[in-house]
Amino acid sequence: MDIAFLIETVVKIVVILLVFSALAGFGTYFERKVLAFMQRRLGPMHVGPYGLLQIAADGIKLFTKEDIVPQNVVGPIFKIAPVITAATAFMAAAAIPFMPSFTMFGYEVHPILADINIGILYILGVMGIGLYGPLLGGLASANKWALISTARAASIFISYEVITGLALLAPLMMVGSLSLIDFNNYQVGGIASWIVWSQPVAFVLFVIAGFAETGRTPFHLVANDHEIIDGFGTEYSGMRWGLFFIGEYANMFFISFVIAILFLGGYGDGSGLGALALLAKVSFIFFFFLWTRAAWPDVRPDQLMWLCWKVLMPIAVINIVITGIVMMF
Amino acid sequence: MSLEQFQDRNVAEQNYFHVDIPDYPTTGWGKVKRAASRTFKGELFVGLWVVFREMIKFDIHTVQYPKEKLPVGPRYRAVHEMQRLFESGTERCIGCGLCEKICISNCIRMETKLDENSRKLVTDYTINLGRCIFCGYCAEVCPELAIVHGPRYENVSDQRAHFTDFSDMLTPIDAAISGTQKEFDGFGAVTPHEDERVKTTPLAY
Amino acid sequence: MENNITITIDGKEIQTREGEFILNAARANNIFIPAICYLTRCSPTLACRICLVEADGKQVYACNAKAKDGMNITTTTENIETEKRAIMEVYDVNHPLECGVCDQSGECELQNYTLEVGVDSQSYSVPDTHKEAVDWGLIHYDPALCIVCERCTTVCKDMIGDAAIKTVPRGGDALNTDYKAQMPKDAYAMWNKLNKSLIGTADRSDMLDCTDCGECTAVCPVGALVSSDFQYASNAWEQKQVPATCAHCSAGCQISYDVKHTDIENSDEKIYRVKNEWNYVSLCGAGRYGYDFQNADAVKDETAFNAAIAAFKKADTIAFTSSITNEEAFILRRLKEERGYKLINNEAKVFKTFLDDYSKISGQQLYGADLKMVHASDFVVSIGSALKTDNPNARFAFNNSITMNKGAGLYFHPIKDPVIDGLSKNVMSINHAPLQEETALYLMLDLFADKENLPKDITKYLDSFHSKKMITIEETIKEEIIEKVMVKQLNKETGEEEEVEVEKKKMVPKKVSKEVEVDDNALLAQLGAPADFDEKLQKFLKKKEKFSLMVGPDLYTHPNSRNLARLVALVEKYTQFELVMIPALANTLGVSLICDLDEEVGEYTIGYNTKADFTLSALGDGDLDMPALNQQEGTLTSINKRVNPTNVALSYGGYVLNDIANALGLDAKYTIDYTKELGVVKGFSRESFDDLPNHYTNSGEEVRGYLLKRIGIRRSSNESVNELEDIAIQSDIVYLANPVLQFTAFTNASHQLHGEGGLYGSEAFMSKHALNAGDKVNVKTAQGEVRAVMIHDNKIDGEIAYLPTFDVNLNSEALFSGYRFSSASYTKV
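Top to bottom, those sequences are chains A, B and C.
Residues 53 to 381, numbered by our numbering, are exactly what the first sequence covers, in order.
Residues 3 to 207, numbered by our numbering, are exactly what the second sequence covers, in order.
Residues 213 to 1041, numbered by our numbering, are exactly what the third sequence covers, in order.
These aren't lab readings, by the way, just hints derived from the structure by calculation.
Glycine included, C-beta positions come from ideal geometry on N, C-alpha and C.
Just the calculated beta-carbon pair ranges, DEER-fashion: (1) C/1006 x B/168: 43 to 49 Å; (2) A/252 x B/74: 53 to 59 Å; (3) A/92 x B/168: 40 to 46 Å; (4) B/74 x A/339: 38 to 44 Å; (5) B/117 x C/227: 50 to 56 Å; (6) A/94 x B/168: 37 to 43 Å; (7) A/194 x B/185: 55 to 61 Å; (8) C/337 x B/117: 28 to 34 Å.
All chains should be built: construct the whole structure from the sequences, respecting the hints.
The structure is reproduced here in structure tokens:
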């Protein structure tokens, strides 16, 4: 291992951490603005021009707010849970190629932290670990709402892991690799070669599962404010709660990248335009998250389970079978 | 006025109409059909379209409150004010205590005494705004149009007492003399055509 | 008082008694007839004329028309409605529209009847005059508000007896004569009278000269007469009424303390005024103005309480006054039973001894009558009481019986009292020397006893005072004369008035002298009775049916009180007189019945409201605070032998006697738990406090507490009494009594009555001793000496001065050996 690789890796880690944290912050700003505009409101307006500094204000607030560890909670677990949520979101980002490789000062930079050949497996695994945040946090909180939220989180994560996996199996079969760069390269031939066209069902299933795993409307059941307060986050305050928050938004960006790379052609041929296109795709998917929140109602937990096991899973299996048959002949 | 709608006490029937919702499917096939129709009907996209359309139109209705304020109606019942007589600027309150009596949340208290001119003097008067429900009875019952509701609804302060002191509620003397004191149009104000309803009393001089 | 006739009012048959006014009969049966000027127990004034009814087809005034058997009465006819409407319109003429600030604040009969009759427009007018409001000390009069219903003058004359206010000319323009033709008859007549009068002091001076009872302010239907102190202090509707019993004297008047929060900052309740059911009970000034005698700011001082418990464990004597409730007296009785304390209360002790001696002859535990019977009687005698100050209600009864029942009265007391003399010309005062109360009682026996049945030796003894003598008397005979007078007559032809000379026959009194042999009664001479006593008495006794005798504290403290008690019993037994004894203090009767009192004081004394080695005081000046009587609930036994409940008007934060009793081994959660246990005392009932009512019904029936049971006592056959001893008090005399408006230190603790006591003397006394008001005087008796300020009291006369007990700084009781009179020497300092 040479020094340059080490420096490059450390720089990339720092960049990912900073960028994703910042994105989580801007994510909240965009969410508030988009929702407001869709509801004929203005959204945050007072802090900074057009409320731009609202993020800073919120950040300062979260950092300086008293960290309350309530009575009867299981202290260490209660404290570690938010870290798990945020950490898994950042960890998952390690296998994502954010941009095509480029040369800087005569040094070729690969904007991917770890181009591992089982990238997708890694991503699915780390997303699975993400369950531990809500699970531990909720169980340790000594709070009924948190407990209900935990139960929901566990069932949703476990169920929709199945959908994610099955949905991805068909494209995997087509690409024949678990590396995300291979996925990107598979779709390099322009819009027509995007996997979304050959695997529309898998795309839809993956997006639905993505919504479920990030806990966004219409599957916002883990922290459904009007029935279980903030779910597993009920007893949290200050920066610990902030970590859950960052985790949620980082996850949204991360899922957006994954969808863009797996189905929507990624950064394409590696040109600057391709890189911009990736950003545009990610932005649209993120916007879509917000858009649905403004437009759609939430489903009930039982409906969510019903959807998973009785609708999505059979469809996913059928999709694999059909893909297999098509590939065979 | 027709009292029909009040006399018809069959709440289940009146003013209700049934939304045309098909019955829940009982057979397995029916359920599949329903799931399919819901999935492909495109209602979800209508929702998406509606909010997207509103975003594009950018027809914002927000009133940026501290900078912009909506106009307050003349009968708005906010923090009380004590009026003065025009020209002389004397307090209108005669200390009759009717507001104290009628107050249903029991938040008005006053103290009166005999002053050196043998008149009733209000020595102290408070309204506990923490209890006040702004019903307007005090303004309605006041025979002198002295206590009225003002338009000031922003009663945030580090001391509630800032709003309950008689001298704070009283119109500033210069406002009364210059005639800028505003009459209250709400509860208890003189109604139009009041003159026509007054009966004359014979006078011997 | 039995209902013996039936009348019909508006189709409703009601039972009432012959001669009852229609208005009272209707009120007793909850039939509403409007009336503004009428006062129950007083004479009808016919000022308002609104009580018009139609009786057997004839329009009469319900307040002065008497019910006859079978009478058919209609309360409303078209004409009556027209009259009522006109009357109320007239009352509203020029009445200031200041209801918003008026002190009556809605408790206004003018307002009520104006609305009741439905006056919504005015047809009459007369030019208004400017009338200045006047301050009469405790009473404030605003003539602008006055509707001249004359209730104040009526009550002052018929009930109180001061007659200090009367109607005076109003001034201003006369009514427009056109009205006579236009207006309903009664309304015009009433207006015509109203428009000529106002209320003013009887002597037309600037200051009201009366005993300041304030009853005129209570009866005033509008806000014209109000208490000066209450002026603009609070609206009536803010006040919460606490039904209570006045704690100052033995009359036990029903009052209501009007309480409200003190001010904006302080939510503790404060008494703003005292009200009474003026139709059925009249208050004196002490009751009305002496209400805030509470022991304020008392807290649970544990150190003091522990000291009190230690003191109680050490003590062998408890001294107390009679300003306590029956329950507290009962606690003291129980403490005596448990721990063997000696109970000392001289004033109750002498009363009890007097009652005991009286019982031996009368065979009754208690005297037979009450003040209500005095009200109903027509010949009243008072012996041994400074009536107007010992028990003002007894004075009201005395006056009321004389004015309302065409009665007469005798007043035996050493101190000349202009108030009593002024009640009526049918009152004779006999200002005998002190110690001669016994003689007065002998005189009662001599004058009124049934000599046939009276024990022979007494008859014989009485006869020994009589002798015959010749006197010249002037007799008035009537002679008929004829005289010519000019009379104004209406000439029917011209319609004008002209003077006509007519002859008139007239009876003219003429005086002739005559010499007759008369009986000379040595008792009269001994009492210093006026020379025309016999003659006047004969006049007084004409057509008299009901007789009452009131005896007062002078008798109980008399050196020969035991003999006096027997004489009193004999008077009750052998004459037609009904007997009332006036207990000295608020609960003297209750204490004397409940507590077994001792005479000997032990070594270590606890004083309750009296200074001792360890003092419990409701005045707040002792070692441990106690609640005053307006801060505790309990019962008081009144002169009317009634056990009256009183309620808590003001909060009290300290310890009560019951706490001490509990710490000493008794067990009761509240003091009033003992109310029920009072049943073990002879005469009391086993009723719990919460079951005791406290109100009057519309018919005037007193529904308050319960009456003491009549308890028979074994009568002794020995009815002998001692003969008169030749005893007298030499030199100058001082009396132990309180001025008007004062009873005890509690009345003095109230803010309106607070003052400094002194030596009270009449003009005659001051000129005799060359003293002026304000001088410092040393009063010296055999018992001791005090220095007091000379105060002029125009409510007494004669050469006897008195020292009050209300001022604790003036230890006046130490000067007296028991009897309320003592010889004294006065030196100016």
